[in-house]
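K.L.:
Protein chains in written order, with the working numbering: chain H, 5 to 459; chain V, 5 to 459.
Among the hints, a few may not be true.
Since the list gives no way to pick out one identical chain from another, each pair is judged satisfied if it fits inside one copy or across any two copies.
As the list claims (entries may be wrong) - Result set (DSSO-like, lysine-lysine): computed pairs, CA atoms no more than 27 Å apart in a straight line:
#1 148 <-> 247
#2 148 <-> 74
#3 39 <-> 334
#4 148 <-> 340
#5 74 <-> 39
#6 74 <-> 144
#7 340 <-> 74
#8 334 <-> 74
#9 383 <-> 148
#10 223 <-> 247
#11 395 <-> 248
#12 248 <-> 223
In short, the hints are calculated from the structure, not lab data.
These are the residues of each chain, in order.
There are 2 protein chains.
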Amino acid sequence: MAEQLPPKYGKCFVCSMVLNMLLILCLFVGHTNWKPSWSMRAAMEAEAVASESCSGHGRAYLDGLLVDGKPVCECNTCFGGPDCSQFSPDCPADVNSGNPLFLEPFWMQNAASGALLVSGWHRMSYSYDDDSNISEELEKHIRKLHSIVGNAVTEGRFIVFGTGSTQLLNAAVHSLALTNSSSRAGVVTTKPFYPAYKSQTDFFRSVDYNFVGDTSQFKNATDGNANIIEFVTSPNNPDGLLKKAVLEGPHAKAINDHAYFWPHYTAIPAPADEDVMIFTLSKLTGHAGSRFGWAVIKDEAVYQAMSAYTSQISFGVSHDTQLVALKLLKFVAQGKGEIFDFGFETMRNRWEILGKTLSVSSRFSVQEIEPQYCSVYQKVRDPSPAYAWFKCEREEDEDCYAVLRAAGIISRQGTLFGADSRYVRLSLIKTQDDFDLLIRKLTILVSEEDGAKIM
Amino acid sequence: MAEQLPPKYGKCFVCSMVLNMLLILCLFVGHTNWKPSWSMRAAMEAEAVASESCSGHGRAYLDGLLVDGKPVCECNTCFGGPDCSQFSPDCPADVNSGNPLFLEPFWMQNAASGALLVSGWHRMSYSYDDDSNISEELEKHIRKLHSIVGNAVTEGRFIVFGTGSTQLLNAAVHSLALTNSSSRAGVVTTKPFYPAYKSQTDFFRSVDYNFVGDTSQFKNATDGNANIIEFVTSPNNPDGLLKKAVLEGPHAKAINDHAYFWPHYTAIPAPADEDVMIFTLSKLTGHAGSRFGWAVIKDEAVYQAMSAYTSQISFGVSHDTQLVALKLLKFVAQGKGEIFDFGFETMRNRWEILGKTLSVSSRFSVQEIEPQYCSVYQKVRDPSPAYAWFKCEREEDEDCYAVLRAAGIISRQGTLFGADSRYVRLSLIKTQDDFDLLIRKLTILVSEEDGAKIM
Numbered sequence: 005m006a007e008q009l010p011p012k013y014g015k016c017f018v019c020s021m022v023l024n025m026l027l028i029l030c031l032f033v034g035h036t037n038w039k040p041s042w043s044m045r046a047a048m049e050a051e052a053v054a055s056e057s058c059s060g061h062g063r064a065y066l067d068g069l070l071v072d073g074k075p076v077c078e079c080n081t082c083f084g085g086p087d088c089s090q091f092s093p094d095c096p097a098d099v100n101s102g103n104p105l106f107l108e109p110f111w112m113q114n115a116a117s118g119a120l121l122v123s124g125w126h127r128m129s130y131s132y133d134d135d136s137n138i139s140e141e142l143e144k145h146i147r148k149l150h151s152i153v154g155n156a157v158t159e160g161r162f163i164v165f166g167t168g169s170t171q172l173l174n175a176a177v178h179s180l181a182l183t184n185s186s187s188r189a190g191v192v193t194t195k196p197f198y199p200a201y202k203s204q205t206d207f208f209r210s211v212d213y214n215f216v217g218d219t220s221q222f223k224n225a226t227d228g229n230a231n232i233i234e235f236v237t238s239p240n241n242p243d244g245l246l247k248k249a250v251l252e253g254p255h256a257k258a259i260n261d262h263a264y265f266w267p268h269y270t271a272i273p274a275p276a277d278e279d280v281m282i283f284t285l286s287k288l289t290g291h292a293g294s295r296f297g298w299a300v301i302k303d304e305a306v307y308q309a310m311s312a313y314t315s316q317i318s319f320g321v322s323h324d325t326q327l328v329a330l331k332l333l334k335f336v337a338q339g340k341g342e343i344f345d346f347g348f349e350t351m352r353n354r355w356e357i358l359g360k361t362l363s364v365s366s367r368f369s370v371q372e373i374e375p376q377y378c379s380v381y382q383k384v385r386d387p388s389p390a391y392a393w394f395k396c397e398r399e400e401d402e403d404c405y406a407v408l409r410a411a412g413i414i415s416r417q418g419t420l421f422g423a424d425s426r427y428v429r430l431s432l433i434k435t436q437d438d439f440d441l442l443i444r445k446l447t448i449l450v451s452e453e454d455g456a457k458i459m
Numbered sequence: 005m006a007e008q009l010p011p012k013y014g015k016c017f018v019c020s021m022v023l024n025m026l027l028i029l030c031l032f033v034g035h036t037n038w039k040p041s042w043s044m045r046a047a048m049e050a051e052a053v054a055s056e057s058c059s060g061h062g063r064a065y066l067d068g069l070l071v072d073g074k075p076v077c078e079c080n081t082c083f084g085g086p087d088c089s090q091f092s093p094d095c096p097a098d099v100n101s102g103n104p105l106f107l108e109p110f111w112m113q114n115a116a117s118g119a120l121l122v123s124g125w126h127r128m129s130y131s132y133d134d135d136s137n138i139s140e141e142l143e144k145h146i147r148k149l150h151s152i153v154g155n156a157v158t159e160g161r162f163i164v165f166g167t168g169s170t171q172l173l174n175a176a177v178h179s180l181a182l183t184n185s186s187s188r189a190g191v192v193t194t195k196p197f198y199p200a201y202k203s204q205t206d207f208f209r210s211v212d213y214n215f216v217g218d219t220s221q222f223k224n225a226t227d228g229n230a231n232i233i234e235f236v237t238s239p240n241n242p243d244g245l246l247k248k249a250v251l252e253g254p255h256a257k258a259i260n261d262h263a264y265f266w267p268h269y270t271a272i273p274a275p276a277d278e279d280v281m282i283f284t285l286s287k288l289t290g291h292a293g294s295r296f297g298w299a300v301i302k303d304e305a306v307y308q309a310m311s312a313y314t315s316q317i318s319f320g321v322s323h324d325t326q327l328v329a330l331k332l333l334k335f336v337a338q339g340k341g342e343i344f345d346f347g348f349e350t351m352r353n354r355w356e357i358l359g360k361t362l363s364v365s366s367r368f369s370v371q372e373i374e375p376q377y378c379s380v381y382q383k384v385r386d387p388s389p390a391y392a393w394f395k396c397e398r399e400e401d402e403d404c405y406a407v408l409r410a411a412g413i414i415s416r417q418g419t420l421f422g423a424d425s426r427y428v429r430l431s432l433i434k435t436q437d438d439f440d441l442l443i444r445k446l447t448i449l450v451s452e453e454d455g456a457k458i459m
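Bound-form chain H, shown alone:
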C-alpha cells in the first residue's frame, strides 16, 4: 500500500522525519535529565503535601492528619475551614509566643534550596566518624556564617551543639558553676529578662547553682568571693536593646545569649567576642521546631564541661537535625544575604506599620532604640527588634495585659520578664496574618482613645 502513495506525500515524509528527530531530541535530551529511583516516593509525597495552598493562610505537613487520603491544612490563628479560607473576625490576635513564622514564606519561595532528602540509613551511629557528636561540616558552616555576617568571633574558639539554645543555657550554667569556684553559684540577670533563665535554673534544683535575682542587687558583691553567673541577652528579649554584662570580678561569669544578634533584628555594630556566646537556629532561619543551637566558647575547660553536659543529657543532638541545619545554613552562607534582606525588610515594614498605628496614641507606647551603624549593611540603620515592649501609659491601666486582652490582643505579661504589669511583650515575628490582626485590633483600640492625637 505504502508504495502507491503519491509523491506529494514527500513533504509530509520530511515533516514526519523532522518531527521524529525533534521527538527523539525531546526524549533523549530534554527527558534524559535525571529521574529519581528510590527517592521518588518521598519526593512525590512531599510535593503533594506542599501543593496544598491552604488559601495562603495555612499549610499542610507531611506528618499532619490525613482525611480521605488528603493532607489536612493546618491554618493560621483565626483562620479555619478545610482550606483555611474562613476568617473569624472576633478571634483574638495572639502575639504571645516567639514563633518565628515570619520567615516561613522565605523558605517556601526558596523551596529547592531548603529541600533535603534523608535516606533511611543516615548516620545511624551514636557518633560521627571522628567519634564526636558534632557534624564537622556543620561546624565549618557555622564558623563561615559568623565570619560572613561579622556578628561573632569564632577563630580559636570551641563550639558545642545543643538541642536548641534552651539546652545550652542550662549546660552553660552547670558548667560555669563547676569551673568557676567551689561555692554554690548564684544565677542573675537584668530586668526585663527572658523568663526561661529563672524558670529553667529553678527547675533543675541543683546543688551547684540557684537563681538569686537581678544583677542590680549584686553590683557591689563581685569583688569578693561571690560566685555569680550573669545571663546577658543582646539584643535583649523583650526590649531589643544591645546589652553588655554588668557584673565584674574574678568570680563573675557571663552567658551571652545572642539569639537575636542577626541582621533581621538589629544593627551589628561589631562582632561579639565574649567568653560564652549562645546562638540558635530558631531566630536565624526561623526553624524553632528543629531545636538546634550552638555555643561559642573561649575556655577549654568550659567547653569540655558543656560537651560532657550535652553527652550526659542526650548523647548530643539528633543527626537528622544537624543535617537539616547544615542544609539551611549552607544556603544562608552561600546566598548573598537573601534571608537577612528578607528578614530585615519584613521586620522594618512591620515596625513602620506599628509605629504609624501607635503614633496617634497617647495611651500606649513602645520602646525606642537609637539607630546604629551596621557593619553588615555598612550604614546606620534603624533597629527592627523581634518584640514590641509595649507600655500602657495611663495611670489606671495598671494591668496592661488585661487592657489588651479586653481589646482582643493576647500579649505576654511584663511581670513574666520581671517587669511592671504596665508592660507587655508583643511578638512581631509570627505570621503575616497574626501581625495584620494585631494591627487591626490595635487600630480600633487606639481610635477609641479619648483625645487620641489627630494625625
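Once you have looked at the hints, place chain V on chain H.
P.N.:
Chain V alone, transformed into the frame defined by chain H:
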C-alpha cells in the same frame, strides 16, 4: 525537493509515522509519570551520595566531607582507602559500643521505604497544631506498633517523647523524685547495670535525688519511709536477662528501661505493663543517631512532670527527628515484621557463630539464657541478646578486658557495669565487619588455649 521523492519512500513514510506515534506515546505516556520539581535537587544529591558503594565496607553521607566534589566514603573499623577496600588485619576488633549498625543493611535494602523528603518550611513553630511538643501521628503509630508487637500496654497510658531515651532516664528520675515524697530520693539499680544510670544521676547533682548503689542494699529498707527509685532494664544491658523490679513498698518506684524489649533480642513473653516504661528508636530501628525515645506512663502527675522536664530542658524533641521517626515507624508497623525477622535472624546467626567459636574453650564463657515462649513468633525461641556478657574463667585472668585487649579485641570492662573485672561486654549489634573481626580474633585466642576442647 520533497515532491520528487520516489514512491518507494512511502514505506519509509509509514515507518516514520509509526515512529512518530511511538515517540509521542513515549513522551506523553511513558514520561508523563511524575517528575519532581523543587524536590529534584535534593533527591539527586541523596541518590548521588548513596550510589557510592564504598566496597560494602562503608558508606558516604550527605553531610560528609567532599573531595574534588565527590562525597568521601566513611569506612567501617579496620577498613580504609578511598573506597574502603583496604583491610588492616592487625587492627583490633572494636566491640565496645552499642552502635546498632547491624540494622543498617535493612534500611539500605528498603531504601524507598525509609526515604524522607523534608521541606525547608517543615513545622517551623515551637509547637504542633494542638500546642503540644508531640506529633499526634507519631504518637498514634507508636501505640499501634506496641499493640502489633505486643510488648507494651499503651491503652489509657500517657506518652512523653525525649531526645533519646537518655534524656527520659533523667526526666523520669527527676519526676519520680518530686512526685514520690518530700525527702531526697535514692537512685538504685541491680548489678550488672547500664553505666549511664549512675553517671547521669551523679552528673546532675540534684538537691532532690542521688545515686546510692545496688538494690540489694535496700531490700529491707523500703517498708519504711525510704524514698527509692529503682532502674530496671529488661532485657538487661549487659547480660540480656528479663528483669523485674526488686524493691517494693509505698515509696519504691521503678523506671523500666525497655530499650531492648523487641523481637530482635528477646522472646516477648507478654506485654510489659509497668508504671514508667522507656523505649528508644536506637535499638528498635537502629537509629541511635536520631536521638529519639519515648516513655509510656500510667500516672498523670508523673506524665505532667516528665513533660515539664522535656519542655524546660529543650522545648521537646526536634520536629525533624519526629518526622524521621514517623517515617521509619510507619514502615515498621505497616510491614509484616520484616525488621524483626531481619533483626532476629541476624542476631541468631551471630549467636550461633559465637557459640560455636567458644564451644571449644574452657577459658571463656558467655551468659546462658533459657529459651522462652515468644508471643510475637508464637513459639519457644532462643534469646539473641544485643551483648555477650563474657567471662574469663581462669583464675589468673582477673582482668578480662586486658586479656582480650592483648588478643586484639576492644571490649567494655565489666567494672563499668558494677561487676567483677572478670567480666566484659562484647557488642554483637555493630556492623557485620565488626562481628566478623571479633570472631576471627576470638577464634585465634581460643585456638591458643592449652587444652582447648577438641570439637
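K.L.:
Hints numbered earlier in the text: which of these fail when held up against the supplied structure?
P.N.:
Going through the list in order, the structure violates no hint and respects every one.
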